[in-house]
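**Q** The chain contents come next:
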Amino acid sequence: VSHVRAFAVFCRDLLVGDDWRTALGLVLALVATILLDQIGLRAWWLLPLVIALLLARSLRRSTRTAPTAPTSRIRAGHPRRPDATE
Amino acid sequence: VSTSLLFAAAFLACAVEMVEALTIVLAIGSVRGWRSPLLGVAAATAALAALVAALGPALRLLPIDMLRLVVGALLLTFGLQWLRKAILRASGYRPLRDETAAFRRGREQAAAAASAERAGLDWYAFTLAFKGVLLEGLEVAFIVISFSGGHGRLPLATAAAAAALVTVAGVGALVRGPLARVPENQLKLTVGLLLTSFGTFWAVEGAGVHWPGDELALLGLLAFLAAVTFAFVRLLRRERLSFHRLGVEV
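Protein sequences, first through last, are from chains A and B. FYI, in the working numbering the residues of the first sequence are 6 to 91. FYI, in the working numbering the residues of the second sequence are 3 to 252.
All clues stand as given, with none of them false.
Per the computed footprint, the stretches of chain B lying under chain A, defined by three or more beta-carbons under 8 Å from a beta-carbon of chain A, are:
#1 86-98
#2 204-213
#3 224-230
By construction, these hints were calculated from the structure, which means they are not laboratory data. A quick note: this is a predicted structure, and the numbers were derived from the prediction, not measured. We put the CB at the ideal spot given by N, CA and C, even for glycine.
Build out the structure end to end from the sequences listed, making use of the hints.
**A** Written as structure tokens, this is what we have:
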């Protein structure tokens, strides 16, 4: 059972990651694209727009709690710090 | 167009994951000897090849539109994760991965671990190398299988991944150290953009909607997503600098 659970957690992390709201938003946008197509509207533009909005929301959520890198390196355009998390 | 982009995505994704796997294997091998970790690498590579060989052709048995919808959606959520993390690293909100530090930590852990030799094999070294390559390689396998489902180009994606594997392993064997100079985050940003573009393209096609300009729309998508990405990186970088000037820790 623990192996099955570990595999399920791995699959969730691989596909959904740590932001389920973005994954849900993408599914809803795809459903909307299909529905709009069925009423005769070619909504190829919808998904790219939703991606930009979802990415902005997701980045906003992440930056509220994110750890920091040294400012001097950011000024130089190379924010670098030893990575202890990955 | 899509063939070149597909090859680039598979090659770069595999290269960046294999750079991380190489650091693990080099750290173990340089401390505990090379035989066991190299056997671990061979076993993990064989397992990944078997996974791709089993799932890749099987996907082609499914209806193409349904397949593109599902594979596109999965690739899209997967690619957006790469993109989001790469933007956070590029803007300084997340630390960059440091291969030299990871190599040092790996060596320390390998030296501290007790010997576990059975049947002429150091099982600690074997298991660590196997897990390292397998876990890094599973993401590559997922990408290759997705490309097979979305575009029917399993041989091309497999060849790109194999070329990256050989390149990274060859450079690693020459350098005998972690490939710290590889611009990992720029590569991850590029891969994230490519995967998100392919995912969007296939998901919309799978939904039954045709893109204007057919495959050329991929380039338009890539340009749009690249512009959005670089705008976010600049905005977040500027925001962090202004916070620092005000003395606010974010």
